[in-house]
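J.: So the sequences go chain by chain: A and B. If you use our numbering, the first sequence closes out at 290, no skipped numbers anywhere. If you use our numbering, the second sequence closes out at 639, no skipped numbers anywhere.
Hints listed in this document are in silico derivations from the structure and should not be mistaken for laboratory results. Hints may be right or wrong, so weigh each one.
Stated by the list, open to error - Quick partial rundown of chain A residues pointing at chain B, CB under 7 Å, derived from the structure:
(1) Asp-53
(2) Arg-73
(3) Lys-137
(4) Leu-254
By construction, the Cβ of each residue, glycine as well, lies at the ideal position given by its N, Cα and C atoms.
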Amino acid sequence: MKSKRMKLLALPYLVWMVGFIVIPLLLVCFYGFTDQSGSFTLENIAEILVRENYRPLCLALLLSAVSTAICFLAAFPLALILRSRKIGRGSFAAFLFILPMWMNSLLRILAWQTLLERKGVLNGILTALHLPGQRLINTPYAIILGMVYDFLPFMILPIYNTLSKIDDNTINAAYDLGASIPTTIFRVILPLSVPGIVSGVTMVFVPALTTFAISDILGGGKIFLIGNVIEQEFVLNSNWNLGSALSMVLMLFIILSMALLSRYDSGEGAMF
Amino acid sequence: MRKASALYLFSLCLLSVFLGLFLSSCGKSAEKEEKEQGGENVVNVYNWGEYIDPEVISLFEKESGIHVVYDLFQTNEEMYPVIEAGAVRYDAVCPSDYIIQKMMKNGLLRELDYDRIPNIREIGEEYERMCAEFDPGNRYAVPYTCGTVGIIYNKGMLDALGVPYPTKWADLWDPRLKGEILMQDSVRDAFMVALKKDGSSMNTVEDQELDRARDELIRQKPLVQAYVVDQVRDKMIGGEAAVGVIYSGEMLYIQGEVEGSGMDLEYVIPEEGTNLWMDGWVIPKNAPHWENAEKWINFLCRPDIAKKNFEYITYTTPNEGAYRLLDKSYTENKALFPDMGELLKKGEVYRYLGEAEEAKYNKRWKTVKVS
Chain A
19 MKSKRMKLLA LPYLVWMVGF IVIPLLLVCF YGFTDQSGSF TLENIAEILV RENYRPLCLA
79 LLLSAVSTAI CFLAAFPLAL ILRSRKIGRG SFAAFLFILP MWMNSLLRIL AWQTLLERKG
139 VLNGILTALH LPGQRLINTP YAIILGMVYD FLPFMILPIY NTLSKIDDNT INAAYDLGAS
199 IPTTIFRVIL PLSVPGIVSG VTMVFVPALT TFAISDILGG GKIFLIGNVI EQEFVLNSNW
259 NLGSALSMVL MLFIILSMAL LSRYDSGEGA MF
Chain B
269 MRKASALYLF SLCLLSVFLG LFLSSCGKSA EKEEKEQGGE NVVNVYNWGE YIDPEVISLF
329 EKESGIHVVY DLFQTNEEMY PVIEAGAVRY DAVCPSDYII QKMMKNGLLR ELDYDRIPNI
389 REIGEEYERM CAEFDPGNRY AVPYTCGTVG IIYNKGMLDA LGVPYPTKWA DLWDPRLKGE
449 ILMQDSVRDA FMVALKKDGS SMNTVEDQEL DRARDELIRQ KPLVQAYVVD QVRDKMIGGE
509 AAVGVIYSGE MLYIQGEVEG SGMDLEYVIP EEGTNLWMDG WVIPKNAPHW ENAEKWINFL
569 CRPDIAKKNF EYITYTTPNE GAYRLLDKSY TENKALFPDM GELLKKGEVY RYLGEAEEAK
629 YNKRWKTVKV S
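Assemble the whole structure, with the sequences as input and the hints as a guide.
T.: Put into structure tokens, the structure is as follows:
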């Protein structure tokens, strides 16, 4: 009787998952495998082999991989520092890093546009210091910057969470046994924080790979990532079939990367 | 077990109550709408946002005693299916040239009775000719606003670069302007520039001409700072770029913004000819109050009303009566009131090409954006 009631409590989630995850996914698959008249075809999937489609995909993979790496390099030391603080102060600092997420991410990216523009704030400072102005906006670097800025909290939080769960005694034991600080970090702390790193990498890499707003705003419409291609197929060309097929290919890449990562994950997901 | 089924029943009840409320509210609003549409003395107007002086509406209501039900749309593409489906019936709609043509072709429009719109005589002859490009014989549409697409340039920045002021589309391929060009981020506008540059029609469906235009746009891409739409205006005001492709309607606002700042922004209509666009009033075939719609259109064509509207929306008015009433500072502005006779020789109006032909443009545009 108890289990029946528990099942009933799960009903809203079931409805949610079926209605907003499973059915839409099936619809995407349906569109991806059919043509405009509704008959089965693999042509749309094969479209990924066309230069116009695989180039944006490769570029998106490259840019999101670079941003994920930068995010990790920035987040791991920070999480270490936060961990070493007293509990109250550490979580306050973590809170500060989440604070920007209270604002709309599009707004924040638009703000970067104003900062990076030729007559923008950054170049204004450079000019005031009599340094040559830089061309920052509308380059792949601007897009990487936008991705790193937007997704960095998603890397910090899980890593910080796993790090703060590591028992101090483990680290002290490493020191007692004569390990230097670098050795402790690389041989003890890093392996223990892998679950956090894995979820951090996933949470940065996946949205970075699929974004179209960041590349649109900071790339000046000149740099097309796979997200932009899919968006255009839906919005401009009204070709839902091709758009869905390309989304499926993109999903394949995401699943692949997650499968790759899960080999390093010991299984205890450490999201928050 | 019993408890569980009670909970089940409860949630079912809740659901049905919600559904019932939802449906009844739907029914109510539909009824209300029916009243608004079917009521005796109203006119249902469907227009762009910010596209009329609100005072004009109240003036019309006062003078004619007809109640105006006013709805807005943002794009032609959003408006079209609403009219096509016919679920909401409008009496007067104000779409753009190529969509008017599409509506006409698909039999969605009602022929106008000019005896009942005497103020039509105020519309300039050249503008009627322009309108006839998409509405042969001027049977369905009354011109409301129009304009051109041209090049806006920053004199100071071009002087600093040592580049002469642009006079033609081909000047946007000048390698000295690397990183200084703002292009329109929409298929037809971008291709219009490349097609017109080489003397093709901007309504072409020839593969060869489109391929050439595509290659030209790819050749231009390294020179382009960004592909943007509305931001051309703000970026030019901010001094971000030296030249940009822009709609003439923006110029009055821009010139007002930079006045007194020492920045000199000019507008030029390129020699090779350009896109002439026009928005006009039409009456859908299923309009319940087409007589009122004709009164509405007639009212908008009255010179003093057209003048009032112009001063609010600042897009070129085809109304010559209003033009005569306008201040010199407006009428001498070449961006607002160019020499129409000269323009019509080389200028063109977008035509509706059909889905298959438009796909040709979209496919090539994607290649440009990706390369």
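J.: Could you run down the list of hints and mark each one as holding or not?
T.: Do the hints match the structure? See the list:
1. Asp-53: violated (14 Å)
2. Arg-73: holds (6 Å)
3. Lys-137: OK, holds: A:Lys-137 within 7 Å of chain B, min 5 Å.
4. Leu-254: holds (6 Å)
Of the numbered hints stated above, the single one contradicted by the structure is hint 1.
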